[in-house]
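K.L.:
Let the sequences and hints guide you as you build the complete structure.
Counting from 1 along the sequence shown, just add 6 to a position and that's the residue number in this note's numbering.
It is worth saying that the hints were derived from the structure and are not from the lab. The model shown is predicted, which means the values in this text are computed figures rather than measured ones. Idealized CB from N, CA, C, for every residue including glycine. Accuracy of the hints is not assured; some may be wrong.
What the hints assert, rightly or not - Derived CB-CB ranges, DEER-like:
(1) Gly133 x Glu100: 11 to 21 angstroms
(2) Pro36 x Gly99: 18 to 28 angstroms
(3) Arg119 x Ser33: 26 to 36 angstroms
(4) Gly99 x Gly46: 41 to 51 angstroms
(5) Gly133 x Gly46: 18 to 28 angstroms
(6) Ala31 x Gly140: 12 to 22 angstroms
(7) Ala104 x Ala70: 39 to 49 angstroms
(8) Gly142 x Ala43: 21 to 31 angstroms
(9) His139 x Arg23: 35 to 45 angstroms
(10) Glu94 x Gly142: 18 to 28 angstroms
(11) Ser33 x Phe144: 19 to 29 angstroms
(12) Val66 x Arg119: 32 to 42 angstroms
(13) Pro30 x Glu130: 28 to 38 angstroms
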Amino acid sequence: MTGWRVYSQIADRLRARIVAGEYPAGSALPSEAELCAEFGVARNTARRGLAVLEDEGLIVTIPAKGRVVSGAPTMPYRYRQIADDLREEITRGELGPAVPSEAALRRRYAASRNTVRQALAVLELEGLIVAEHGRGRFVRPLG
Numbered sequence: 007m008t009g010w011r012v013y014s015q016i017a018d019r020l021r022a023r024i025v026a027g028e029y030p031a032g033s034a035l036p037s038e039a040e041l042c043a044e045f046g047v048a049r050n051t052a053r054r055g056l057a058v059l060e061d062e063g064l065i066v067t068i069p070a071k072g073r074v075v076s077g078a079p080t081m082p083y084r085y086r087q088i089a090d091d092l093r094e095e096i097t098r099g100e101l102g103p104a105v106p107s108e109a110a111l112r113r114r115y116a117a118s119r120n121t122v123r124q125a126l127a128v129l130e131l132e133g134l135i136v137a138e139h140g141r142g143r144f145v146r147p148l149g
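P.N.:
Here it is in C-alpha cells:
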C-alpha cells in the first residue's frame, strides 16, 4: 500500500471484508503481525487502521483473543449515527450558526477525531455545513 493515510485504506479493506462476510460476527481478525505482512506496513499503521474499525464499533479487542468482529456487519457506522443526529438538529433549527468544535463533538459522542471528522465531511458534502479556514464550521442557511 502506498499513498497518504495508509491506515484508512487498511480500515476500508478490512471493513469491506467484514461486510462481505469474510469475517463474520464473533470471528477473530488476523493478528497485527499478519496484517503488517499482508499490507507491507509498520505495526503502528496496522494498529491505527484497526482503531478506526474499533471506533466505528465494528470490532472489539478481547484480551487473549485479539480483535473480534463485534456484531452484524449491517450495523450503522458510528460516523453515520453522528451525522444523522447533527442533520436532525440542523433541520429542526437547534444547531447553528456555528457548529460545535471537533473537540466538543468528540466529548459529546465519545468518539474519535477521525469518526467526528467523517460525520462532518458527510454534512459538508450534503451542503448542510460549510468550513471556513481558520474560523470553524457553520450551518449553511436553509432555503
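K.L.:
Does each hint hold? Answer for all of them.
P.N.:
Results of checking the hints against the structure:
Distance hint for Gly133 and Glu100: a CB-CB separation of about 18 angstroms, consistent with the stated range 11 to 21 angstroms. For Pro36 and Gly99, the Cβ-Cβ distance of about 47 angstroms falls outside the hinted range of 18 to 28 angstroms, so the restraint is violated. For the pair Arg119 and Ser33, the beta carbons lie near 28 angstroms from each other, so the given range of 26 to 36 angstroms is met. Evaluation of the 41 to 51 angstroms hint for Gly99 and Gly46 yields a pass: the beta carbon distance comes to about 50 angstroms.
Between Gly133 and Gly46, the C-beta spacing of about 39 angstroms breaks the proposed range 18 to 28 angstroms. The given range of 12 to 22 angstroms is broken by Ala31 and Gly140, whose C-beta atoms sit roughly 44 angstroms from each other. The beta-carbon spacing between Ala104 and Ala70, approximately 46 angstroms, falls within the hinted interval of 39 to 49 angstroms. The given range of 21 to 31 angstroms is broken by Gly142 and Ala43, whose C-beta atoms sit roughly 42 angstroms from each other.
As the Cβ distance of His139 to Arg23 is approximately 37 angstroms, the hint placing it in 35 to 45 angstroms holds. One distance hint, 18 to 28 angstroms for the beta-carbon pair Glu94 and Gly142, holds here, with the actual separation near 21 angstroms. Range check, Ser33 to Phe144: Cβ separation about 43 angstroms, and the 19 to 29 angstroms hint is violated. Hint check: Val66 to Arg119, Cβ distance near 20 angstroms, so the stated range 32 to 42 angstroms is violated.
Evaluation of the 28 to 38 angstroms hint for Pro30 and Glu130 yields a pass: the beta carbon distance comes to about 34 angstroms.
Checked against the numbered hints listed earlier, the structure breaks hints 2, 5, 6, 8, 11, 12; every other hint is satisfied.
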